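There are 2 protein chains.
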Amino acid sequence: MLYSLTRRMFVIALLVASLGAGAECARAETSDPLSSWNDGPAKQAIVDFVKATTDSSSPNFVPPGARIATFDQDGTLWVEHPMYSQVVYCLERVPALVKAKPELANVEPFKTVMSFLSGDRAAIEKLSTPDLEKIATATLTGMTVDDFEAEVEKWMASAKDGRWKRPYTELTYQPMQEVLSYLRANGFKTYIVTGGGQDFVRVYSEQTYGIPPEQVVGTAGGTTYSYDQNGKPILTKDPKLLLNDNFAGKPEGIHLMIGRRPYAAFGNSTGDQQMLEYAGAGDGARLKMLVLHDDAEREYAYGPAEGLPDTKVGTFTQELYDEAKKDGWIVISMKNDWKTIFPPAKAAP
Amino acid sequence: MLYSLTRRMFVIALLVASLGAGAECARAETSDPLSSWNDGPAKQAIVDFVKATTDSSSPNFVPPGARIATFDQDGTLWVEHPMYSQVVYCLERVPALVKAKPELANVEPFKTVMSFLSGDRAAIEKLSTPDLEKIATATLTGMTVDDFEAEVEKWMASAKDGRWKRPYTELTYQPMQEVLSYLRANGFKTYIVTGGGQDFVRVYSEQTYGIPPEQVVGTAGGTTYSYDQNGKPILTKDPKLLLNDNFAGKPEGIHLMIGRRPYAAFGNSTGDQQMLEYAGAGDGARLKMLVLHDDAEREYAYGPAEGLPDTKVGTFTQELYDEAKKDGWIVISMKNDWKTIFPPAKAAP
Numbered sequence: 537m538l539y540s541l542t543r544r545m546f547v548i549a550l551l552v553a554s555l556g557a558g559a560e561c562a563r564a565e566t567s568d569p570l571s572s573w574n575d576g577p578a579k580q581a582i583v584d585f586v587k588a589t590t591d592s593s594s595p596n597f598v599p600p601g602a603r604i605a606t607f608d609q610d611g612t613l614w615v616e617h618p619m620y621s622q623v624v625y626c627l628e629r630v631p632a633l634v635k636a637k638p639e640l641a642n643v644e645p646f647k648t649v650m651s652f653l654s655g656d657r658a659a660i661e662k663l664s665t666p667d668l669e670k671i672a673t674a675t676l677t678g679m680t681v682d683d684f685e686a687e688v689e690k691w692m693a694s695a696k697d698g699r700w701k702r703p704y705t706e707l708t709y710q711p712m713q714e715v716l717s718y719l720r721a722n723g724f725k726t727y728i729v730t731g732g733g734q735d736f737v738r739v740y741s742e743q744t745y746g747i748p749p750e751q752v753v754g755t756a757g758g759t760t761y762s763y764d765q766n767g768k769p770i771l772t773k774d775p776k777l778l779l780n781d782n783f784a785g786k787p788e789g790i791h792l793m794i795g796r797r798p799y800a801a802f803g804n805s806t807g808d809q810q811m812l813e814y815a816g817a818g819d820g821a822r823l824k825m826l827v828l829h830d831d832a833e834r835e836y837a838y839g840p841a842e843g844l845p846d847t848k849v850g851t852f853t854q855e856l857y858d859e860a861k862k863d864g865w866i867v868i869s870m871k872n873d874w875k876t877i878f879p880p881a882k883a884a885p
Numbered sequence: 537m538l539y540s541l542t543r544r545m546f547v548i549a550l551l552v553a554s555l556g557a558g559a560e561c562a563r564a565e566t567s568d569p570l571s572s573w574n575d576g577p578a579k580q581a582i583v584d585f586v587k588a589t590t591d592s593s594s595p596n597f598v599p600p601g602a603r604i605a606t607f608d609q610d611g612t613l614w615v616e617h618p619m620y621s622q623v624v625y626c627l628e629r630v631p632a633l634v635k636a637k638p639e640l641a642n643v644e645p646f647k648t649v650m651s652f653l654s655g656d657r658a659a660i661e662k663l664s665t666p667d668l669e670k671i672a673t674a675t676l677t678g679m680t681v682d683d684f685e686a687e688v689e690k691w692m693a694s695a696k697d698g699r700w701k702r703p704y705t706e707l708t709y710q711p712m713q714e715v716l717s718y719l720r721a722n723g724f725k726t727y728i729v730t731g732g733g734q735d736f737v738r739v740y741s742e743q744t745y746g747i748p749p750e751q752v753v754g755t756a757g758g759t760t761y762s763y764d765q766n767g768k769p770i771l772t773k774d775p776k777l778l779l780n781d782n783f784a785g786k787p788e789g790i791h792l793m794i795g796r797r798p799y800a801a802f803g804n805s806t807g808d809q810q811m812l813e814y815a816g817a818g819d820g821a822r823l824k825m826l827v828l829h830d831d832a833e834r835e836y837a838y839g840p841a842e843g844l845p846d847t848k849v850g851t852f853t854q855e856l857y858d859e860a861k862k863d864g865w866i867v868i869s870m871k872n873d874w875k876t877i878f879p880p881a882k883a884a885p
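Protein chains in written order, with my numbering: chain A, 537 to 885; chain B, 537 to 885.
Bear in mind the hints are in silico, worked out from the structure with no lab data behind them.
Incorrect hints may have been included.
Copies of the same chain look alike in the list, so a pair counts if it works inside one copy or between any two.
What the hints assert, rightly or not - Simulated pairs of lysine-lysine, DSSO-like, Cα-Cα distance not exceeding 27 Å:
# : residue 1 : residue 2
1 : K647      : K696
2 : K882      : K861
3 : K776      : K670
4 : K701      : K861
Nothing here was measured: the structure is a model prediction, and the numbers come from that model.
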């Protein structure tokens, strides 16, 4: 009797344990790596793509080494409106330039930038593209790569977006962070392929996206190797453009820096069109996705595709929208596909 | 008695098992990852560097993500004499060019190359640097990146070195293959940083060295994105040079393609000087090594450092030798430091 009771308890214990394990398995299976996505064709396309490329019995299986996924940054991984963060950086570096060379205070376009920073918000409208190029050259070149990195790091630690009053590096899209993690957990190597400055984005890419500097492809200038007055080797940033990583420059940059065709590519504007075409031209399963900013309330609304307001920053034309629909690319609606936009605010240190 | 016998047997079994485990541990510890290296300062420097950078209690500990090691290819990882393999490739592509455009048969420098390939070995001496550049442009540009990759792959599968009658990809240095594996096993990311063509080396780097295409930095030209007659996106190789990855171009290329300073750098010629200086200028433990070809019997002997014969291919000057000695770089003597030069020949398929 004692034996049989003990045995029965043992069987019950086993059952409970196995039920527990079952419950745990079920929990693991239902834990959603894309929990900030609403159910729908966009979320489904990502899950289907990962299944097709990682299941070794799938006809579209891709060996781990070849699993490359590329992501535009501005407007795809983080906020780009009303102005690219790097443009803000360049403008906010101007006072330091003027301090070093006081005569610049009366020279355009620096004079206009100083007015803008002093509160004359309309002054910015006066700046032409050549003006902005002059400012970019003055603030992004001429220093050593180490000094530039230190300057960007310092700026990023204190600069804040005007609308959300949060650091730019906290204004990444939570659903896209989940895609990055989900792809990496499935053996994909994730790359940023940005029209922004390669050296600029590399400063914060690891901490912000878990993407190491060597996996950032961006607009890049040359450097010159020389020695400082102590004979120490230095690399100085040149004004010479090597790669304009926008439009056709994106697949060209991918070939230069990665050397393989991506299986997945994510963008949000006409500057990403050729990258998505190039990814899509390969064999097997290819994931091509575009973020459409149609959420004025939680973020911004701009196109001009689908009747959204026109913009010069991150333009998504109707032509691009039509190409996407025709070629089976997936357009992500921020408004409908994303449950949340940003990660929770970090506690103050 | 039975009990005590069983217990004794159990104790003996445990002892045997633990001895067995001990023996296995000892085997694992004494299995030498650098078994093709003779004991000496070169081998010791590699082992000491790995210990210093990977032991978390070491003041020179480097976190895994930052563990970057760069290797020149020609003369450092594989044979470069009497002629770089890529130059042989370019020369051997000329008949295909002439077949496509028969008028080239009477145009220099192609005429001279055709004579050389027909057996007039002295003809090659007539080619000037501009001639070689013309041949390189004709054989390395103008085709799609996919066609180029297929051509190099095909050539590599059949081309053989004249002295050893083995494929070029088998004439890698076994001791350096061991260094690559040893560093990777210790969390280092290994890169090739070569004066050779980036697209050329990327074709065979994974299979030959376990280094994926995206970890090959080399001399690189631009590409142009367009569409073929079926509307399929293509990338065509341009004659425009973007990066001359030699001398100062090596640290510049490392910054462009990797964006971090290497902790270890390996080379064999004046073209590697700046890469080693750049690696050495960082903080903490830095490994800087140069292979000296002083083994005429098993491979080749050339310098002109240390009275070795002079050469135009992989020049190691006395000045470089003196800088190495002055700055604590390690010069590897092929003759004295390496037990074997090449991996065993692969069995015919």
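Quiz prompt | Hints that the structure is at odds with (numbers, increasing) | solution = 2, 4
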